[in-house]
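So the chains spell out like this:
Number of protein chains: 2
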Amino acid sequence: MGSQNRKQEAVDLSHHINVKSKSRHPSPLKEIIKFMGYDGMISLAGGLPHPSLFPLEKARFDCLPPSASLGNESAETDLVSLNLGRGLSPGDLDLTQFLQYGTGAGNRQLIQLAQDLTERVHAPPCDYECLLHPGNTNAWSKVVGLLCEDNDFVIIEEFTYPSAQALWIPLGIKAAPVSADAEGILATNLRETLENWDEKSRGGRRPRVLYLVSVGSNPTGITISAKRHKEIYQVCVEFDLVIVEDDPYYFLQYPGYSPQAEEQPYQPKSTGEFLKSLTPSFLSMDTQGRVIRLESFSKTIFPGLRLGYFIANPLFTERLLRATEVETQDPAGLSQAFTLALFNQWGVDGYLLWLQSLQYQYKTRRDWLISAIYDQFTVVSAAKSPLPTVQGYVACLQDKAIGKLRPVFSFVDPEAGMFVWSKFYFGGVSRFAELEAQSLEDPEQAFAQELWEAMVAELVLLTPGSYYHAWQGPDKISTKARGADPRSAFFRLSFATPTKEQIEEGVKRMRKVIGRFWEATS
Amino acid sequence: MGSQNRKQEAVDLSHHINVKSKSRHPSPLKEIIKFMGYDGMISLAGGLPHPSLFPLEKARFDCLPPSASLGNESAETDLVSLNLGRGLSPGDLDLTQFLQYGTGAGNRQLIQLAQDLTERVHAPPCDYECLLHPGNTNAWSKVVGLLCEDNDFVIIEEFTYPSAQALWIPLGIKAAPVSADAEGILATNLRETLENWDEKSRGGRRPRVLYLVSVGSNPTGITISAKRHKEIYQVCVEFDLVIVEDDPYYFLQYPGYSPQAEEQPYQPKSTGEFLKSLTPSFLSMDTQGRVIRLESFSKTIFPGLRLGYFIANPLFTERLLRATEVETQDPAGLSQAFTLALFNQWGVDGYLLWLQSLQYQYKTRRDWLISAIYDQFTVVSAAKSPLPTVQGYVACLQDKAIGKLRPVFSFVDPEAGMFVWSKFYFGGVSRFAELEAQSLEDPEQAFAQELWEAMVAELVLLTPGSYYHAWQGPDKISTKARGADPRSAFFRLSFATPTKEQIEEGVKRMRKVIGRFWEATS
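Chains U and A supply the protein sequences, listed in that same order. Under the UniProt record's numbering, the first residue of the first sequence is numbered 1, with each subsequent residue one higher. Under the UniProt record's numbering, the first residue of the second sequence is numbered 1, with each subsequent residue one higher.
Looking at chain U on its own, in the form it has when it is part of the complex (with noise of 0.2 Å):
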């Protein structure tokens, strides 16, 4: 898989690797391969179908060139053709090869891919391999087939894409959620929460493993800032813990909103002023090799490719790849075949050029629903709003009754991504008083589930907040078992399918539900 000269050489970190991956191995099958090669050799060996019998012969794709005009439908723009054929020329891109099994590695010059852009995005100062995968999803259940036992305990972010958590659940895993602040998890609760570690109490052994989605995380959107890499980097090293750096929308990073801003027309900066404007990884700071980071083109290219590629100290990589050989193979090969040619055409600059193009249609995405909120609510910065240890911004009605704002909910303007993340405060909302009285389990939850019904009768659908729970066990359910802040609830908002009138409309019709709730008030 190439080798990065002058890089440093990881710490010892095979305690981290499990019992069940410790105990694969290496299927003699792939042994056997190296003799294949052989000058002269006629193999009576291989298990594979003959390439004359499989029916593909030429595939042509149509694609957008790098400066394409993204999301301005009525531009015409001419395609460029990426064309693969059998047993062409030295040099050329063969299909065949992508038709045929793979070693499990993957193709040779998709890695080497995968290793240039790693140097030119995260230049990591530690000794690394990349190696493919099918995708995010599958690649985090590799990594908790590394590194988890039954019954560990996992630390994430106190709200977490729920099928993340949903893969371990079965395996009596449970979240050691740590919160965060505009910047990200915070750095003192991780140290806390891991000095503190009661084993009896907790009923585990204190965690190995943090899973962060650190950039435009999903749900929260929160992108973690450069000095809050480093704190959190530091307390994984002092507690020996592996970083899994799930980072698909690292690229979708952008500037944050402001409101008398006009839409700026797109412009895109040089490729190493691009590169400089991204918050560091954690690869980027790990001089240790405790860091696996989960690449994907899902968010770049698109969802249905299935590939992406790990990024991780070679202890890892190795163990990685004998999983690989028995749960998936290599990724489908036209996948592998389409990104290699969109590579071979595009460049490593044009793609990171692609990028800044698809960053301005998010951003602009996120443009469009803030400015919704602040066309529907009366917006005040935290700083200024009535609540206490609230962040980033905070949207109001205005009460007639006593002349002043209510606070409604509160969101962080997202950086990165494609969600915005909003608090809901019920205080005062005469419907969640009368439902408090009832003696409910848990009436916030009672409450945000008739909020999100009302806005469903609507016709607008946000996603209730209670997906992404820190999954911590059956007992800690409710708001007040999980010690959440009482009287709120979260809700996530995507501005990454919808056009900009429904966004607007959206958004209104939220804010008539809102308005019959709130005007309420007890």
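If you're looking for bench data, these hints aren't it; they were derived computationally from the structure. Where a beta carbon is used, it is the ideal one built from N, C-alpha and C, also for glycine. Hints may be right or wrong, so weigh each one.
Have a look at the derived ranges for each label pair, beta carbon to beta carbon [stated by the list, open to error]:
id, chain 1, residue 1, chain 2, residue 2, range
1, U, Lys22, A, Glu149, 16 to 24 Å
2, A, Gly347, U, Ser270, 49 to 57 Å
3, U, Gly272, A, Asp349, 52 to 60 Å
4, U, Pro259, A, Met36, 28 to 36 Å
5, A, Pro90, U, Lys7, 53 to 61 Å
6, A, Thr103, U, Pro259, 31 to 39 Å
7, A, Asp181, U, Lys7, 50 to 58 Å
8, A, Asp240, U, Glu9, 48 to 56 Å
9, U, Asp94, A, Asn72, 15 to 23 Å
Covered stretches of chain U, going by a simulated chain A footprint (3 or more residues, C-beta under 8 Å) [claimed, not checked]:
id, segment
10, 24 to 30
11, 40 to 46
12, 305 to 318
13, 492 to 501
Fit chain A to the given chain U structure using the hints.
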């Protein structure tokens, strides 16, 4: 996933679902999808990237027609083009859906196609569903995750594909091997194994899963006969086993070898006759819903597709879908798009015609290998062989000293798949006698290794049979400890990839090495 009318209901098999699989819950995010479809709904809930931001606009695949004359490289064939674009009119195949995230269940039309094929080929008596998966390697991994507990025993053929085992060895799972004759594993042995199962001495509960590559098995080439299929199924009913039918070579069935026959030109049968010529599957006789069939396009279209499907009791597919959501998501979109477009172009009948052409190719290649063995050795039928309990054919050398035939290896003429499995007899070979006299732990393995190395030196590569031994734990590795026939060992010969000339030269080289060892009699 579409229902099949007038099917029998499955018996209750819910006790077969293991503890971890039972505790999987559907993702709440999947729940919300149904609200997105409401008339007039504005969704701020989706986390999907906007399809206008995918760079791929059109794909074209140029393919062979199903009637192509395979293996005839000089023949010019008119290719058929599969064209896919974005936002086509309804009815056409729109590329966009394949570029986006799926729901885990796979494309509906492709699922329908899988069902149509299943009805045409197997007409299962019991209610079933089809669920896409990214290849049989992953499918088997998901089935182990569905049915097996750690430290279970799984019933397999005495010789089984090593990656199928490498998957579960880290889970502490062991094989309970059942021996086979030319018609497949012996139902009597299977019953005996189950009847006499002693949990204490075995250290685990009675097996509940039978894993078989039932047609053209890798490595043994054995196809389970219709009669044997029924006997095995009956034992599985009696002892409540789930049958996992991993059947990638099902469509590569062909008539047996006849030494005198001239090479027959390719003449396709009618589709009906073709289907009638195939041995019945376990699925076709599954009146209880206890068969999980793993279908793959790897051997019939191409392996790089990483696409296949489960056919199983809806009780099982529902749990497998839950695993799919968190472990892999849908198979790659381009693979799904290509396969659906190919079927739309070829039709199911076209595909079945294509399969006949493949069959003929593999039959031809099988004939090349066996003819080469006939050319280099004196082949006698097992009945006429001086060896006891041997099946199929025996390749012998003329022993000049005693003027008699000396048996070297036996093989069963494969009537499906890609492999000839050969059992070598070491009795009377002086080098083997030397090794035996050295009181090695496993003289058979030691001599097999020497023989294999001598062949490598002569530039012909076989696959050692030891790769395929059923894994019964580290204390049952040697020939003696496994209870295998003394003074023998196996090799697998594949005829899938080499040319006729390579096969002839390869067997000639084998003969040369064999001559050196076998003619030097003790």
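Hints versus structure:
1. U:Lys22 to A:Glu149: 16 to 24 Å: Between U:Lys22 and A:Glu149, where Cβ atoms are some 20 Å apart, the hint holds.
2. A:Gly347 to U:Ser270: 49 to 57 Å: 53 Å, holds
3. U:Gly272 to A:Asp349: 52 to 60 Å: Holds: the Cβ-Cβ distance is about 58 Å, inside 52 to 60 Å.
4. U:Pro259 to A:Met36: 28 to 36 Å: The hint (28 to 36 Å, Cβ to Cβ) holds, given that U:Pro259 and A:Met36 are roughly 30 Å apart.
5. A:Pro90 to U:Lys7: 53 to 61 Å: Distance hint for A:Pro90, U:Lys7 holds at roughly 54 Å.
6. A:Thr103 to U:Pro259: 31 to 39 Å: Once the Cβ atoms are compared, 38 Å apart, the range 31 to 39 Å for U:Pro259 and A:Thr103 holds.
7. A:Asp181 to U:Lys7: 50 to 58 Å: Since A:Asp181 and U:Lys7 have Cβ atoms about 57 Å apart, the given range 50 to 58 Å holds.
8. A:Asp240 to U:Glu9: 48 to 56 Å: At roughly 54 Å between Cβ atoms, U:Glu9 and A:Asp240 fall inside 48 to 56 Å, so the hint holds.
9. U:Asp94 to A:Asn72: 15 to 23 Å: 21 Å, holds
10. 24 to 30: Holds: 5 residues of the segment 24 to 30 of chain U have a Cβ under 8 Å from chain A.
11. 40 to 46: holds (count 7)
12. 305 to 318: holds (count 3)
13. 492 to 501: holds (count 7)
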